[in-house]
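**Q** Spelled out, the chains give:
There are 2 protein chains.
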Amino acid sequence: MSATRDRSTGVEHAARAVAPGRPAHPARGIPEATVARLPVYLRALVALAERGIATCSSEELAGAAGVNSAKLRKDLSYLGSYGTRGVGYDVEYLRYQIAREIGVTQDLAVVIVGIGNLGHALANYAGFTSRGFRIVALLDSDPDRWSESVGDLAVVPLDRLEEVVAAESVAIGVIATPASAAQPVCDRLVAAGVTSILNFAPVVLSVPDGVDVRKVDLSIELQILAYHEQRKAVGA
Amino acid sequence: MSATRDRSTGVEHAARAVAPGRPAHPARGIPEATVARLPVYLRALVALAERGIATCSSEELAGAAGVNSAKLRKDLSYLGSYGTRGVGYDVEYLRYQIAREIGVTQDLAVVIVGIGNLGHALANYAGFTSRGFRIVALLDSDPDRWSESVGDLAVVPLDRLEEVVAAESVAIGVIATPASAAQPVCDRLVAAGVTSILNFAPVVLSVPDGVDVRKVDLSIELQILAYHEQRKAVGA
DNA sequence: TAGATTGTTAATCGATTAACAATC
DNA sequence: TAGATTGTTAATCGATTAACAATC
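Protein sequences appear in the order of chains A and B.
So in the working numbering, spot 32 of the first sequence is number 32, and the numbers just go up one at a time.
So in the working numbering, spot 17 of the second sequence is number 1017, and the numbers just go up one at a time.
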């Protein structure tokens, strides 16, 4: 078992060795903080493109992404030199380069396990089905749900997890089960070959090295806000 | 408009002045990274307590929380000295101290705006209604939803937002609307007096200084996983 | 006292930011 | 050429970690 990275708490992820003293051509090893912002830039670029904007400065793009321009330029510098001094960035070109860097140009297969309220919401969520991801199965252990379908996908028995993962080469598993089911489901996903997990259950998952886990935890987000609320009340 | 902190991308939040050179008694100014982990420790302590465990070492608690013990001890040291050398921590006592520090001992009023699939899931989510938070209203602009109710709360017209926020002294607003509605809803929440926002809509919200925004973005989480998937595929 | 474990120090690491030389 | 804006440097800041003295 190794620690997995949690975006909000900063636990480091499985060792990913980078050859030291080897400055490979397209500069491998983008900082994790930068990786986490690339999707934000991508979304901002898509929005600019939809508004018909062909070129933008780092200042404009940074504004749209909610970061400062120095950070944006530093982040983009890890990918390469895709701007033009004195001019700015070509929106479509930069968009393509970032999409390629993230890897959303290739369709990744996703399964969602646990089709309760949250699972339903996730299955319907447009951002999930947008380019780069393909939901291939909705799994649940409750027979009452096997008659349901969300969009054009039926809810299938959890028993079929291994079969589906193998058949579709599933790379990403989304866990939206109750807390008690999360670790067993995670173990099965990993055993079946899934190497990335997005966990919505309020538990710390144990996974072997090489498996990435990201965690979205609603009540933790609320509690962080509560902490700051308390400070405001005292200070003011 | 000022930048607001986004947990995954690390945009700094509204200036929160700390008197310099003034080492106040209970040491104000807990690092943001530590604040984000306190709820994780709290949950781990609750789980230990439920298993009937009365005392634990930093090593054990760290294991349950998914961090290393040095980090845990450093984090706890910002709150005070709540352990006993040679012995460890009293689970109930530490649990109380962390809960008090976060401020979940006082009930904060929460409204959820946008009662689609995700809003439904949030309204039902046990973590939301657990101690420390009180959902006081579910708001939606769609008349078709005004007849619905989730749990014992009815969905009410968005028009009543200001009225509800004022009547219940709402501190936290949860935005689960489509992207296009998020900024206008945010503006109304802020104008009505809400100072903390949890945003599920895929947009960067602009808010005045003093308002905290946290963002949960499902497609961005997936894209971060996709980036690492791509690396694994290349490396292996 | 001997063993265990905290709380803190100091070193290291990574991320942010301002400033500016390079260059369109 | 003059103005604009990138890409990069270097300084700063904050977070992590190992190690260990303090102390139960």
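Since the hints were made in silico from the structure, they are not lab data.
Treat the hints with care, as some may be off.
No more than 30 Å apart at the CA atoms, straight line, and that leaves these computed lysine-lysine pairs for DSS-like [said to hold, decoys possible]:
1. B:LYS1074 - B:LYS1232
2. A:LYS74 - B:LYS1071
3. A:LYS232 - A:LYS74
4. B:LYS1071 - A:LYS71
5. B:LYS1232 - A:LYS71
6. A:LYS232 - B:LYS1232
No experiment lies behind these values; they were computed from the predicted model shown.
**Q** Given the hint that LYS232 of chain A pairs with LYS74 of chain A, does the C-alpha gap stay at or below 30 Å?
**A** Violated, because 33 Å separates the two Cα atoms, which is more than 30 Å.
**Q** Decide if the proposed pair is consistent with the structure: LYS1074 of chain B and LYS1232 of chain B, CA atoms, cutoff 30 Å inclusive.
**A** violated (33 Å)
**Q** Given the hint that LYS1232 of chain B pairs with LYS71 of chain A, does the C-alpha gap stay at or below 30 Å?
**A** holds (27 Å)
**Q** For LYS232 of chain A and LYS1232 of chain B, compute the direct alpha-carbon distance and say whether it is at most 30 Å.
**A** violated (44 Å)
**Q** LYS1071 of chain B and LYS71 of chain A: Cα distance at most 30 Å?
**A** holds (27 Å)
**Q** Take the C-alpha atoms of LYS74 of chain A and LYS1071 of chain B, compute the straight-line distance between them, and say whether it is at most 30 Å.
**A** Measuring from Cα to Cα gives roughly 29 Å; hence the hint holds.
Hint compliance for this structure: hints 1, 3 and 6 are not met, and every other hint is.
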